[in-house]
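Colleague: Chains as they are written, first to last, in our numbering: chain E, 1151 to 1650; chain Z, 1151 to 1650.
Certain hints may be false.
What the hints assert, rightly or not - Result set (BS3-like, lysine-lysine): computed pairs, CA atoms no more than 27 Å apart in a straight line: (1) E:1205 / Z:1330; (2) E:1625 / E:1427; (3) E:1527 / E:1538; (4) Z:1244 / Z:1538; (5) E:1380 / E:1403; (6) Z:1336 / Z:1486; (7) Z:1157 / Z:1247; (8) Z:1157 / E:1159; (9) E:1205 / Z:1316; (10) E:1157 / Z:1205; (11) Z:1223 / Z:1625; (12) E:1346 / E:1486; (13) Z:1536 / Z:1330; (14) Z:1154 / E:1205; (15) E:1341 / E:1645; (16) E:1356 / Z:1356; (17) E:1380 / Z:1356; (18) E:1527 / E:1269; (19) E:1205 / Z:1625; (20) E:1205 / E:1269; (21) E:1154 / Z:1205; (22) E:1341 / E:1643; (23) Z:1330 / Z:1316; (24) E:1356 / Z:1380; (25) E:1316 / E:1536; (26) E:1380 / Z:1380; (27) E:1346 / E:1356; (28) Z:1157 / Z:1427.
Think of the hints as simulated: they come from the structure by calculation, not from any bench.
Single-letter residue listing:
Protein chains: 2
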Amino acid sequence: MEEKLAKLKSLLAEIADLGATSALLNWDQLVNMPAGAAEDRGEQIATIEQILHAKSTSDEIGNLLEDLTQTTKQMDADSDYARLIKVAKHNYDKATKVSAEFVSEFARVSTVAQSVWEKSRAESDFSIFQPYLEQLIGLRQQYADFFKPWDHVYDPLLDDYEPGMKTADVQAIFNALRPKQVELIKAIAEKPQVEKSFLFLEYPEKAQLDFGVEVISKFGYDWNHGRQDKSVHPFTTGFGLNDVRITTRFNTKFLPTAMFGTMHECGHALYELGIAKKYNRTPLGAGASMAVHESQSRLWENLVGRSRAFWKHFYPRLQELFPSQLGNVTAEMFYKAVNAVEPSLIRVEADEATYNLHIMLRLEMEIALMEGSLKAKDAPEAWNAKFKDYLGIVPPDNAQGVLQDVHWSFGGFGYFPTYALGNLVSAQLWERMEQDIPDVEAQVENANFAVILNWLRENVHVYGAKFEPQELVQKVTGSKITPEPFMRYLDKKFKDIYSL
Amino acid sequence: MEEKLAKLKSLLAEIADLGATSALLNWDQLVNMPAGAAEDRGEQIATIEQILHAKSTSDEIGNLLEDLTQTTKQMDADSDYARLIKVAKHNYDKATKVSAEFVSEFARVSTVAQSVWEKSRAESDFSIFQPYLEQLIGLRQQYADFFKPWDHVYDPLLDDYEPGMKTADVQAIFNALRPKQVELIKAIAEKPQVEKSFLFLEYPEKAQLDFGVEVISKFGYDWNHGRQDKSVHPFTTGFGLNDVRITTRFNTKFLPTAMFGTMHECGHALYELGIAKKYNRTPLGAGASMAVHESQSRLWENLVGRSRAFWKHFYPRLQELFPSQLGNVTAEMFYKAVNAVEPSLIRVEADEATYNLHIMLRLEMEIALMEGSLKAKDAPEAWNAKFKDYLGIVPPDNAQGVLQDVHWSFGGFGYFPTYALGNLVSAQLWERMEQDIPDVEAQVENANFAVILNWLRENVHVYGAKFEPQELVQKVTGSKITPEPFMRYLDKKFKDIYSL
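Just chain E, with the same shape it has in the complex (with noise of 0.2 Å):
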């Protein structure tokens, strides 16, 4: 049994080490890579892919998981060595279940889609992206079949990027979140607006960048092993434990773009830096799901970066980078414009009070046309509408509405409720960690950051894949993925700001 598993490890150390390049293809691809390269970079990715399916589904990883799952039955569960082969087999059951047929068209479907979807949200014309969107619902409808039986069609979907969670699970919680976000945005909606027009002022983007550096700095993420670049759209990603990288967008004239997008993305990296050494290059190197990672850059963006105390601390060295943009700004009026709350139609510009409900909208959306019940056709109508109830206010045309993700381009239904999830768990955890360290505001107010970044290595990060999201949370906050905390945390603040 030694020497079979020592030949799975080295077999997951080579799957890791493809994934780590197809990683570092997409990310040269995003950061640095002339236009022109944009077609050969596509074959090169897709090589790599293709080893990587190979070598991910190969009967000789499939028999050495088989033979080792069946060492694990007498032992300690929650040992690494039980999780490593019971994670490994998960993902091999996954990526064997479904068809080589299926995967090369869904990969030939989903990168002409991304095209169509580019143009057909360009052109705000949502007839151009239709058929594909179909096509994809279909293919999606296709891919849950593999893993029949199952309670909802959706579950195998969630599953990728929620291991265990249900549909019905998810549900459950936004049913109990909706109305109370609903209620807390008429009653802000009611009282005066907070000023906030100084944010859209010209920003030059270097000091925007240094107050950025600075600011991840303190938060400790290691230089050593990760790096800041441009890109059009901010991400994070990892080649391996020791390498992890951000990049930050940056809007000259709006100044929260980037100074929250690198707070997010740093959060995203901090947590892959902090997972136990011992998983590199295995798949318990990453992080436990998609919800356990958006807590992650959510806590450090915003239950850190949008609180009163850390601007207490970073607002006088804000105002000496823009003296003539915010030097009549007091750090109070600051904390209040960069937390306004307003319905407004892009997700990934609305305000902690209201994200939640984008997110929810998408959700039931998803189920629905995966049920069969919407049909692609009628998706910018069903979205309007819901969006009318919601958030009041109704997309001016589908560009802004129905068309404003990438997500459903690339098939990723089942990708949008990890975000909701995402913040419900950060403020799960905040909760918790206040309990661990009553004067956890005080330290963000000294930029003492190391007292957040240990605890949440030691109860989260540390743990990378080693426990699916439900049991990592439960462990650590001693409930599973709730809305009360984080309803806690929106009422306190909010009433606060608006006077409620």
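Since the structure of chain E is already known, use the hints to place chain Z on it.
Modeller: Frame of chain E, contents of chain Z only:
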């Protein structure tokens, strides 16, 4: 056969993609990678190289090449098809003749030897490196044995860099060249030195970068298929034929480093970007050899970039960028300064008249080491004696002598002669070009480099690796590689500069 050819092409494309991916992992390591990721990156590169080796030596590809070689026999031997099969077969045969154990052992020793060499050079202590040099010589002798029978033990090594070239050919060329170069240098040494102290003033990096970008943009470097970054040692690398990148090193206390380095690397990049796109993702989509590659970098760096005509055009712009440093320096003074001849210790800093002597010394030592007539322990003494003989000076220590180059530490015996051969080929091509474009000097003076680039593309670049280097040079210039044009070029240039 159609089907077999299609299968072969798809396997070769996969191999090309893996090669491009490995190159990206290396480029990123040298340009972007945070230091703390070195170990993981080593694993990633090893994994990709292992897969690449397995795919390159598979029975499947061997059988296809065997069958398809038969079909080329009734065919035009210079057709793309016949040449593709020939080059692919040559690569396959070379790769499969070497045992897997050897490949693994050589990789292990040369990886360690490189870091040992770094230490050895840093401490200028040859004894640290000596045992590794001995091992590497032994391994390269073993490597040669895989290719028996040969005329000379050095032949298979040379063939890795110069397909089809023999040790005796190189020796004959160098034997004809050496006395002429020595004679020229002696004549120059008797003349007053040219003034060049102004090259050693403070030259800010940004203006150096800007000048370099302007020059290579004029050369025709296509930024839609390339980019420029900084690295410790300048290099050029490509990921397919549509993405060829260069790197530059800046020395703010010596202007020529980045200036000529940028032109040099651009010359390499223009070559790869000029290869017929139909050869992309095939073994023909590469330079013909290292010498032909070097002929391109040297042509742009020296024949163009160190010409009087070039500086007639560009010097006013350079003065504009560096008014305090060059305000009192005339174009003619500058031209002479960047062409100053002076025997010096370090190859990479050597001028055009002395450079080849550095190479000849290395070739003679490599041959003696491989033959066994020189022992590794006696290398420093042999180096210094030859140095005195050819260049009239003796290195004060081994760091500036036998330990200066990285090549031996990775076992790269056979590589050095390509540098000098490249110089010779650059002059042969230039003479031929002067016949086709009689006003080429005027074109340079007008910065109309398109005529030069187009000539090189049509006559050299477009063929990629279709022809062996000697075939290609013969085809273009009517003669194999020969030293006369280079000596005519040196004589004419330096007789003028030094009034010989």
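Colleague: Please list, smallest to largest, the hint numbers that this structure does not respect.
Modeller: 1, 4, 8, 9, 19 and 20
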